[in-house]
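Asks: Sequence:
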Amino acid sequence: MDLETERQPRSVGEIVAIVEALIFVADEPVSIKLLAEILQEDREAIEAAVEQLQDEYQNRESGLTLREIAGGWQLSTRTEFHEEIRKFLKTRPNAKLSLAALETLAVIAYKQPVTVPEILDIRGVQSASAIKTLLDKRLIAAKGRKETVGRPMQYGTSKEFLMQFGLKDLSELPSIEDFEDLAGSI
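Take the position in the sequence shown, starting the count at 1, then add 1077; the result is the number in my numbering.
Misleading hints may appear alongside valid ones.
[Said to hold, decoys possible] Label pairs and their in silico Cβ distance ranges:
hint, residue 1, residue 2, range
1, K1236, A1205, 17 to 25 Å
2, R1155, L1197, 39 to 47 Å
3, D1246, E1121, 21 to 29 Å
4, Q1203, V1226, 14 to 22 Å
5, R1155, T1225, 20 to 28 Å
6, Q1131, I1162, 28 to 36 Å
7, S1175, T1142, 41 to 49 Å
8, S1252, L1141, 46 to 54 Å
9, Q1117, G1148, 17 to 25 Å
10, L1099, I1162, 38 to 46 Å
11, P1086, L1212, 19 to 27 Å
12, R1155, E1105, 14 to 22 Å
Everything labelled a hint here was simulated from the structure, so no lab data went into it. Note that CB positions come from ideal geometry on N, CA and C, so glycine has one too.
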């Protein structure tokens, strides 16, 4: 019997603890699939561990929460504590998006994939500087070229966009009226 290939089954508590540790150290949301591969456990065991962690954070009124974001799971601070956290870190909020960048981001989010000329048609003004800002902040990404005269570049939102706005996927986009309120933290 080869002891290196055969391991003892993990307890539920051990699986929960390892899942929590992996999510904690990750720079970005971690998928159930990746957690299952790393732990060599079935998907159901990982889903149960994530659900248990969510319940634990909720039940003890933790300052942290486990959220499903951009196709994975991420630990984050609870939104109601963001002001206190900012004060503690003694940092100003990151520079907010200009109105032009916010409008351009909204057009891209709701009409993607979209080209610069299409954005111009919708907004009525040039958007080159706003697009550069959004690319620099990694909120949008090039999504290939449109099969039309001139083959203009098409843009769409990125995984960073989903993470910044706390969305699982694009189906969770708020109504256009709510979009500006949600963007205030960027």
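Asks: Give a verdict on every hint.
Replies: Hint by hint, here is what the structure shows:
no.: 1; hint: K1236 <-> A1205: 17 to 25 Å; result: 24 Å, holds
no.: 2; hint: R1155 <-> L1197: 39 to 47 Å; result: 40 Å, holds
no.: 3; hint: D1246 <-> E1121: 21 to 29 Å; result: 22 Å, holds
no.: 4; hint: Q1203 <-> V1226: 14 to 22 Å; result: 20 Å, holds
no.: 5; hint: R1155 <-> T1225: 20 to 28 Å; result: 46 Å, violated
no.: 6; hint: Q1131 <-> I1162: 28 to 36 Å; result: 21 Å, violated
no.: 7; hint: S1175 <-> T1142: 41 to 49 Å; result: 30 Å, violated
no.: 8; hint: S1252 <-> L1141: 46 to 54 Å; result: 29 Å, violated
no.: 9; hint: Q1117 <-> G1148: 17 to 25 Å; result: 21 Å, holds
no.: 10; hint: L1099 <-> I1162: 38 to 46 Å; result: 23 Å, violated
no.: 11; hint: P1086 <-> L1212: 19 to 27 Å; result: 48 Å, violated
no.: 12; hint: R1155 <-> E1105: 14 to 22 Å; result: 19 Å, holds
Hint check: violations occur at hints 5, 6, 7, 8, 10 and 11; the rest are consistent with the structure.
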